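The task is to assemble the complex, starting from two chains supplied on their own in separate frames and drawing on the hints.
Residues per chain are reported as follows:
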Amino acid sequence: MSARHEIKLTVNGAVREASVEPRLLLADFLRENLNLTGTHVGCEHGVCGACTVLMDGGSVRSCLCFAVQADGAEIETVESFGGMDELSPLQQKFREHHALQCGFCTPGMLVTCTDLLEKYPLATDDEIREGLSGNICRCTGYENIVRAMRAAVTERDNERHEASS
Amino acid sequence: MKPPAFEYLAATSVEEAVAALAAGDGEAKVIAGGQSLVPMLNFRLLEPALLVDINKVPGLDFIEPDGNGLRVGALTRHHALETSELVQARFPVLSEAMRHVAHLAIRNRGTIGGSLSHGDPAAELPMMAVLLDATLVLTGENGAREMAARDFFEGALATALGDDELVTEIRIPALPAGSGWGFEEVAQRSGDFAMAATAATVSFDGAAAGEVRLALMGVGEVPLRIDAAETSLSGSMFDETAMDQAVAAVDDAIDPMSDLHASADYRRHLAKALTRRVLQAAWQRAKGERP
Ligand SMILES: Cc1cc2nc3c(=O)[nH]c(=O)nc-3n(C[C@H](O)[C@H](O)[C@H](O)COP(=O)(O)OP(=O)(O)OC[C@H]3O[C@@H](n4cnc5c(N)ncnc54)[C@H](O)[C@@H]3O)c2cc1C
Ligand code: FES
Ligand code: FES
Numbered sequence: 001m002s003a004r005h006e007i008k009l010t011v012n013g014a015v016r017e018a019s020v021e022p023r024l025l026l027a028d029f030l031r032e033n034l035n036l037t038g039t040h041v042g043c044e045h046g047v048c049g050a051c052t053v054l055m056d057g058g059s060v061r062s063c064l065c066f067a068v069q070a071d072g073a074e075i076e077t078v079e080s081f082g083g084m085d086e087l088s089p090l091q092q093k094f095r096e097h098h099a100l101q102c103g104f105c106t107p108g109m110l111v112t113c114t115d116l117l118e119k120y121p122l123a124t125d126d127e128i129r130e131g132l133s134g135n136i137c138r139c140t141g142y143e144n145i146v147r148a149m150r151a152a153v154t155e156r157d158n159e160r161h162e163a164s165s
Numbered sequence: 166m167k168p169p170a171f172e173y174l175a176a177t178s179v180e181e182a183v184a185a186l187a188a189g190d191g192e193a194k195v196i197a198g199g200q201s202l203v204p205m206l207n208f209r210l211l212e213p214a215l216l217v218d219i220n221k222v223p224g225l226d227f228i229e230p231d232g233n234g235l236r237v238g239a240l241t242r243h244h245a246l247e248t249s250e251l252v253q254a255r256f257p258v259l260s261e262a263m264r265h266v267a268h269l270a271i272r273n274r275g276t277i278g279g280s281l282s283h284g285d286p287a288a289e290l291p292m293m294a295v296l297l298d299a300t301l302v303l304t305g306e307n308g309a310r311e312m313a314a315r316d317f318f319e320g321a322l323a324t325a326l327g328d329d330e331l332v333t334e335i336r337i338p339a340l341p342a343g344s345g346w347g348f349e350e351v352a353q354r355s356g357d358f359a360m361a362a363t364a365a366t367v368s369f370d371g372a373a374a375g376e377v378r379l380a381l382m383g384v385g386e387v388p389l390r391i392d393a394a395e396t397s398l399s400g401s402m403f404d405e406t407a408m409d410q411a412v413a414a415v416d417d418a419i420d421p422m423s424d425l426h427a428s429a430d431y432r433r434h435l436a437k438a439l440t441r442r443v444l445q446a447a448w449q450r451a452k453g454e455r456p
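Sequence order for the protein chains is E and U. Oh and the first sequence: position 39 is 39 in my numbering, straight run, nothing missing. The number in my numbering is simply the position in the second sequence, starting from 1, with 165 added.
FYI, nobody ran anything at the bench for these hints, they're computed from the structure. Computed from a predicted structure; not experimentally measured. Hints may be right or wrong, so weigh each one.
Stated by the list, open to error - Listed next, the stretches of chain U that the computed footprint assigns to chain E, with coverage defined by at least 3 CB atoms under 8 Å from CB atoms of chain E: (1) 168–176; (2) 210–224; (3) 268–282.
Claimed, not checked - Here are the simulated DMTMM-like pairs of lysine to aspartate or glutamate, each with C-alpha atoms no more than 25 Å apart in a straight line: (4) U:Lys437 to U:Glu454; (5) U:Lys194 to E:Glu6; (6) U:Lys221 to E:Glu21; (7) E:Lys8 to U:Asp226; (8) U:Lys221 to E:Glu17; (9) U:Lys194 to E:Asp28.
Cβ atoms here follow ideal geometry from the backbone N, Cα and C, with glycine treated the same way.
So that you can see chain U by itself, here it is in the shape it has in the complex (with noise of 0.2 Å):
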């Protein structure tokens, strides 16, 4: 349970990270926080000739207001996303996903960028950004490119970042005015994985639901968004009729695995009795009521 030898690389600039990525030729890696990367050394499943620390690198450290949306860096740790005031008043949904993120110790140290790079499919924030249709900011020797948080996770632990590119930041473009949320997570123990997890947003016009987004995670190798459901709870009431279809939608888009933690059956009945309870409450968020 000792890690293998590495080189070890403190990068003062993104430049220098980069730079050396590439020069790694895939034997390098980035340590962020170190709180999956860590492990997978202490176990051996790893062997990288080059851990490259991008702790000290000024500047990827930062939640900040982008119109009415917001943009965070990728050094931000999960403690800090958790417990900031912004995030609470613009993204409630977000502040509520993090608590649910490990403990304390691991969020104190782990990072958005490790979480999002590490891609991990019980992992919640990877689905948290394809619920807020967030983007990725990646760069690498030849500069910097956007990907939406929907085309970026390819499966299980499987990314469209490249050896030498580093997430350097995430956008998060801003919710219809007074969306209503909720967030739903079975693990467990308190701290452990989702087996299973579901969010929602759901936009009120007055006389019926405006925009609505469903997301699911630990139902599949990547987070899903449920565009089925989405489109048919649009402009409806949230009725019985409305929100059966919508679980329906659900059913028919999932395809769950059985692992040491949960059966496929399981995951599929919590994916659907979370679903539900996620509409509902951001249902009646929207329309100002107290779930």
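Just chain E, same shape as in the assembly (with noise of 0.2 Å):
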């Protein structure tokens, strides 16, 4: 048995302390110790993106991070995106355009495009595809998340637009 460590990270907003072995999966943290089960773990080795946590505003694989590394940081889970009756933009733009049907990949797939959109001009098809090309989806096929995307691309775009003008 390693020693344990003490960490303080912030989670959604909330300031968390905790005693963990150093073998914790940042992912098994959320979920087992904080009952944010809204991250899902699909592969536990970077490969399905089901696991995608915003780290310091950075998208990363929560499969491939140890929760004794996340002392200080700060962690949003989809569960800071918006409820079931206040969806948040994007949220709303996979409900109106159906990029979702059993939802596995869906927590994933928000938190990575919540980075693209921040990161990327993703001013083709091609720049989303390729962009949401580390998350899997065994439903979908896709089309109907890049259509998501799409539209909340354009609503990004004119925000700055108007933000500028």
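This is the structure in structure tokens:
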């Protein structure tokens, strides 16, 4: 049994403290210790993208990061995006365009899309597809996810345009 | 699919990290971005007694000019290198290559020191280090030493790095002014490891090609420079004969393997086709044309 470590981090705006074994993955910490089961675990080696969360504002795989490494970090999971009665604008786009079926991939998709919208122009659908290539969906065939993202990009660009004029 | 137990140290200086590695007697491992290491732990391919985390070591995350070249700290994330304006201005071939590394969430976390130390034969960064004649700075208990990237990679996942050494920095010397470049990769899906990739830089002195560099990966255990092709193209006008000779030199120099991603024959085919494309693109850019 290896030495436990005390960690303190912010998850969805709330400060959390815990004592963790070093090998505890951030994904398992979120799900098992904090009961935030919106973050899904598919492959546990970085390939499927279901476990993607925001860490200090950037998307990361929570299956490839130990909870102990998140000491001092700010984590946002899908639970921070909006609730049943109050979908976030991106969630609303997913709903309008039927961008989910079983929903297993959706938390990771939403987190990834949030970071992509922040960092890339996404001027073409090819660019959107490329951005989504690290997130596997077994249901939708991706078409509707690309459509939802296209709508989100258009909205982002309009907002940026209004803000600058 | 859960990692084995290990002790954990969040090092706060290079000295502390290398001392812990030395004391670990081969049982300690560095963790940087964790994007190659943690999958191996989750699969239990590795069982280190101690992980030495260097994410909180200050002074290892930088991209700085070095004359007309660059110095890049080992903890620089792939995404920072991909989007750096300095890199884009001085080594656009490197920006292009970085866009092909994995996916955004992995580029946000993965580090250049980790990619170089890992030495995957299908990773872009080792090939770029070899193409750009980079020097790696390796720091151990007895101080720092420098090593040319061409000497650093020894085999698949094998490098000249000592058990108690860190890669702390990579230095990239300037290319001849106005050098053109080309980069091509074929992977099964966007963001996957490449089946094969090639990259080239070419300078043009107004009359003929000056310095030519050609590197390949995915066609052997380590990234390769093709000296015979570089020599035969230098001084040429990249005419049909010169190009054919260069492609023949690639054919001679490589020894690709078959695995579940691609057969050796297909990799050889890719190496030759992609060589032609990167040389053409680099030559056109060197002459100020758009490829
Ligand atoms: C789904 C997926 C797809 C990927 N696709 C690609 C791809 O297309 N191309 C590509 O190039 N890579 C790809 N990668 C790998 C990724 O680029 C890794 O980030 C990189 O190989 C390792 O960097 P890291 O910082 O994460 O290192 P770690 O995983 O932390 O470490 C890797 C190895 O290097 C050692 N190490 C780390 N830093 C140092 C240092 N400074 N000094 C000494 N030793 C050190 C560690 O001990 C370990 O042995 C992919 C990864 C995943 C999960
Ligand atoms: S569970 Fe993390 S990427 Fe699949
Ligand atoms: S909606 Fe079922 S996996 Fe994507």
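Unsatisfied constraints (hint numbers, rising): Of the numbered hints given earlier, the structure breaks none, since each of them holds.
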